[in-house]
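Asks: Sequence:
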Amino acid sequence: MSDQPYYETMYILRPDIPEEEVDSHLKKYSEMLEKAGTEVLDSQMRGKRRLAYPIAKHKEGIYVQLSHKGDGQQIAILEKAMRLSEDVIRYLTVKQYGPLPTPKPTSKDGDGEPKITATDNENKKPPENKTESPTQETTKSTTKDETKEEANE
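Quick note on numbering: the sequence shown equals residues 2 to 154 in our numbering.
No wet-lab data here; the hints were simulated from the structure.
Beta carbons: idealized from backbone N, C-alpha and C, even for Gly.
Treat the hints with care, since some could be wrong.
[To be verified] Derived EDC-like pairs (lysine to aspartate or glutamate); straight-line CA-CA distance at most 16 Å:
id, residue 1, residue 2
1, 70, 17
2, 49, 32
3, 29, 40
4, 36, 87
5, 96, 9
6, 29, 72
7, 49, 61
8, 49, 80
9, 28, 88
10, 70, 24
11, 49, 35
12, 96, 80
13, 49, 88
[Stated by the list, open to error] Simulated restraints, written as ranges between beta carbons of each label pair:
id, residue 1, residue 2, range
14, 58, 36, 19 to 25 Å
15, 57, 101, 15 to 21 Å
16, 101, 77, 30 to 36 Å
17, 77, 46, 21 to 27 Å
Kindly produce the complete structure, drawing on both the sequences and the hints.
Replies: Here it is, written out as structure tokens:
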């Protein structure tokens with residue numbers, strides 16, 4: 002375990018703001034933490050999701066997770082800026098102990114879909130169908146009329 006804890010701040014932005022503005026919020030809060038002498042470990046946009054209950058008449062929100070390592074003095078600065086922002090509808094900072102989070106790779110195309118290379122397709126095995134049953138013989142069902150015909154012959 003690391004001797005110094007790290008912090009995770011999850012905040013929810015209004016769902017009606019454009020994606021460029023979401024990116025500017027990501028940069029703004031990361032730069033704010035760096036100016037306060039904090040190391041930003043990871044910053045991820047989790048996407049638009051439905052809220053458990055309406056917040057300020059919004060039923061959806063854009064979730065963002067920010068992991069940072071510092072002495073704890075930066076939390077007041079960060080949360081004050083979020084409290085004053087009209088775009089942030091909720092925020093929560095949690096102190097974490099344990100292994101530091103590893104940043105996720107951001108290898109995406111412009112359309113938001115992850116890139117798939119030829120080697121990715123070659124390395125993948127086709128999914129095995131585990132619900133296959135042994136070959137079953139089909140049985141002919143007979144009706145009353147067919148039984149009578151067989152008996153007459």
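Asks: Does each hint fit the structure? Answer for all of them.
Replies: Right, here's what the structure says about each hint:
Our distance criterion of 16 Å between C-alpha atoms is broken by residue 70 and residue 17, whose separation comes to about 31 Å. Between residue 49 and residue 32 the CA atoms are separated by roughly 23 Å; this puts the pair beyond 16 Å, and the hint is violated. At roughly 14 Å between alpha-carbon atoms, residue 29 and residue 40 fall within 16 Å of each other, so this suggested pair holds. A distance of roughly 22 Å separates the Cα atoms of residue 36 and residue 87; the hinted pair therefore is violated under the 16 Å criterion.
Between the alpha carbons of residue 96 and residue 9 the distance comes to roughly 7 Å, so the proposed pair stays at or under 16 Å and holds. The hinted pair formed by residue 29 and residue 72 fails the criterion: a straight-line CA distance of about 20 Å is larger than 16 Å. For the hint pairing residue 49 with residue 61, the CA-to-CA distance comes to about 7 Å; that is within 16 Å, so the pair holds. A threshold of 16 Å between alpha carbons decides the hint, and for residue 49 with residue 80 the separation of about 21 Å lies outside it, so the pair is violated.
Pair hint residue 28 plus residue 88 holds up; C-alpha atoms about 14 Å apart against a cutoff of 16 Å. A C-alpha spacing of about 21 Å is found between residue 70 and residue 24, which places the hinted pair above 16 Å, so the restraint is violated. Proposed proximity of residue 49 and residue 35 is contradicted: the alpha carbons are some 26 Å apart, above 16 Å. This hinted pair checks out: residue 96 and residue 80 have alpha carbons roughly 14 Å apart, not beyond 16 Å.
Only pairs whose Cα atoms come within 16 Å are accepted, and residue 49 paired with residue 88 is accepted, the gap being roughly 14 Å. In this structure, residue 58 and residue 36 break the distance hint of 19 to 25 Å, their C-beta atoms being roughly 34 Å apart. Here the CB-CB span from residue 57 to residue 101 is close to 34 Å, at odds with the stated 15 to 21 Å. Distance hint check for residue 101 and residue 77: the Cβ-Cβ separation is about 22 Å, which falls outside the suggested range of 30 to 36 Å.
Distance hint for residue 77 and residue 46: a CB-CB separation of about 24 Å, consistent with the stated range 21 to 27 Å.
Consistency note: the structure conflicts with the earlier hints numbered 1, 2, 4, 6, 8, 10, 11, 14, 15, 16.
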